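K.L.:
These are the residues of each chain, in order.
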Amino acid sequence: MIDHASGALEIASAVKAGTVSAVEVARAALFRIGALDAHLGAFTAVTAERALDEAAAVDARVRSGGDPGPLAGVPFAVKNLFDVKGLPTLAGSRINAGHPPAGADAELVRRLNDAGAVLVGALNMGEYAYDFTGENSHYGPSRNPHDPARMSGGSSGGSGTAVAAGFVPLALGSDTNGSIRVPSSFCGLFGLKPTFGRLSREGTFPFCSSLDHLGPLGRSAADLAAAYDAMQEPGAGTPVSPVLGQGAEGLRIAVAGDYFARGGDPAAFEAVATVAEALGARDTVVVPEAARARAAAYVITTAEGGSLHLDRLRTRAADFDPATRDRLMAGAMVPVPWYLQAQRFRRWYHDRVMELFSRVDVILAPATPCTAPPIGQQTMVLDGVEMLVRPNIGIFTQPLSLIGLPVVAVPVRRPGGLPVGVQVVAAPGREDLALRVAADLEAKGVCKAPVARGETSWER
Amino acid sequence: MPDNTFDAEGHVDRMAAALGLTIDPDHRPGVVANMARTAEIARLVTEFPLPDTVELAPAFRPGEESR
Numbered sequence: 001m002i003d004h005a006s007g008a009l010e011i012a013s014a015v016k017a018g019t020v021s022a023v024e025v026a027r028a029a030l031f032r033i034g035a036l037d038a039h040l041g042a043f044t045a046v047t048a049e050r051a052l053d054e055a056a057a058v059d060a061r062v063r064s065g066g067d068p069g070p071l072a073g074v075p076f077a078v079k080n081l082f083d084v085k086g087l088p089t090l091a092g093s094r095i096n097a098g099h100p101p102a103g104a105d106a107e108l109v110r111r112l113n114d115a116g117a118v119l120v121g122a123l124n125m126g127e128y129a130y131d132f133t134g135e136n137s138h139y140g141p142s143r144n145p146h147d148p149a150r151m152s153g154g155s156s157g158g159s160g161t162a163v164a165a166g167f168v169p170l171a172l173g174s175d176t177n178g179s180i181r182v183p184s185s186f187c188g189l190f191g192l193k194p195t196f197g198r199l200s201r202e203g204t205f206p207f208c209s210s211l212d213h214l215g216p217l218g219r220s221a222a223d224l225a226a227a228y229d230a231m232q233e234p235g236a237g238t239p240v241s242p243v244l245g246q247g248a249e250g251l252r253i254a255v256a257g258d259y260f261a262r263g264g265d266p267a268a269f270e271a272v273a274t275v276a277e278a279l280g281a282r283d284t285v286v287v288p289e290a291a292r293a294r295a296a297a298y299v300i301t302t303a304e305g306g307s308l309h310l311d312r313l314r315t316r317a318a319d320f321d322p323a324t325r326d327r328l329m330a331g332a333m334v335p336v337p338w339y340l341q342a343q344r345f346r347r348w349y350h351d352r353v354m355e356l357f358s359r360v361d362v363i364l365a366p367a368t369p370c371t372a373p374p375i376g377q378q379t380m381v382l383d384g385v386e387m388l389v390r391p392n393i394g395i396f397t398q399p400l401s402l403i404g405l406p407v408v409a410v411p412v413r414r415p416g417g418l419p420v421g422v423q424v425v426a427a428p429g430r431e432d433l434a435l436r437v438a439a440d441l442e443a444k445g446v447c448k449a450p451v452a453r454g455e456t457s458w459e460r
Numbered sequence: 461m462p463d464n465t466f467d468a469e470g471h472v473d474r475m476a477a478a479l480g481l482t483i484d485p486d487h488r489p490g491v492v493a494n495m496a497r498t499a500e501i502a503r504l505v506t507e508f509p510l511p512d513t514v515e516l517a518p519a520f521r522p523g524e525e526s527r
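Heads up: the protein sequence lines correspond to chains L and R, in order.
Residues in the first sequence are numbered consecutively from 1, following the numbering used here.
Residues in the second sequence are numbered consecutively from 461, following the numbering used here.
Just so you know, the hints here were simulated from the structure itself, not pulled from any lab data.
The structure displayed is predicted, hence computed values, not measured ones.
Just so you know, not all the hints are guaranteed correct.
[Unchecked claim] Partial selection, computed: residues in chain R whose CB lies under 7 Å from chain L:
hint	residue
1	L481
2	G490
3	N494
4	M495
5	T498
6	I501
7	A502
8	V505
9	F508
10	L510
11	V514
12	E515
13	L516
14	A517
15	P518
[Claimed, not checked] A few chain R residues that don't get close to chain L, going by computed Cβ distances all over 10 Å:
hint	residue
16	T465
17	D467
18	A493
[Unchecked claim] Heads up, incomplete: computed chain L residues facing chain R, CB under 10 Å, no partners named:
hint	residue
19	S210
20	R294
21	A295
22	I300
23	R327
24	Q341
25	R344
26	D351
27	G384
28	L388
29	P391
Ideal placement from N, C-alpha and C gives every residue a C-beta, glycine not left out.
Use the sequences and the hints to build the structure in full.
P.N.:
Written as structure tokens, this is what we have:
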């Protein structure tokens, strides 16, 4: 039976078999969004008419015996920094609301449509993607379906909320410093940040061109793989879906020690230990100079972001989210030698980490230092040290996206507790290995991403 | 360790003038605090010795359109 908890491939299979129509699936998704999203804040726009038209076209292809695509009838939604024809690309801002509507869809939206998926809307996000919380002063927070008083994580907060709430089985997000992996961790989902440059950014609102990545969030490794395969550059890479069943046997898997083994809550490290034990991973590796890598990512991000928004900061400062504005203004003032040294360090660090991948295939690390904090919380205590929440949620994600490594965030359920994620990290271009490990963990029952049930009052 | 030698307030004032950026007095404390934090974080990178031969990481590929 297909319902709101069904996965993308499950839906596609049923639509192709004709046991459910794409229009029925789309209507059910739109009904659930209409009934429940007011409590959760996932969407900034619902494209109901378009969704029903796309679904009808899929059904027509099924009826005519044509190929409706590998994601036939799968409802999906995109972070609202992706262009959606007819909608202004808000990028979480008030300022962009005055922009003309996009004249065409983003490239990745087109590719998912071509694969038969059905767009149901655009998703809330942290302003201009400069966020780890999922909070937004203009459009409200995207809430965590496991506990709506808590953060979804950002900046792809609406993406995490929408998938964990069962509104859609698949959403697209962007990840500059962790913005796919953080909401995946907080909302208990699988999330893929592919290798830097592997998926097209055409038709998306930029943040930091040196570090911006796009990718999917879903409730299974197979769904991520199917979405990734549908979005890959034609001819650029081998499809990853066919190899998922190979499991993790024979892979050299190590746990990241040192920097990645301190500075978080016990829950974060227990999750890594659980995953490592299931995989039989006993070795530890040290990612060299990870703290400096995080610092370099911070400098590059703030400098490029500040430069990108400089004219808006000159003319419309009061219209920014205050938390974004102050950081972007400071970023615009970063001296050039700091920025260039960070970009040179990036090259040096890349070469050292590549040496690690001559000895291991996959590295495990925490995704976030904690489970989802309450919305609005400003500070937290990690490892006995009080620190600001907003900039420190990404301490374990930033050193990895600095050099564009492919990472799958996998969700570890904690009985009676909130979910928390683990990063499965591979060498550039080896999304297949990270997804194989994620699928293996899922098959072993260690990682799973069920739709959040109405543990609190949002779903009665 | 905080970088006590960095004058965040002076830097913000001089850079704002250089960039033609008017900072509302209500916004200034937040900008200064972020500038001070950025300087402290950047020091981790700038104090790290790198050989002169290490190149910048961003790749510009002539003939290739942006993606």
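K.L.:
Against the earlier hints, flag every one the structure doesn't satisfy and list their numbers going up.
P.N.:
18 and 27
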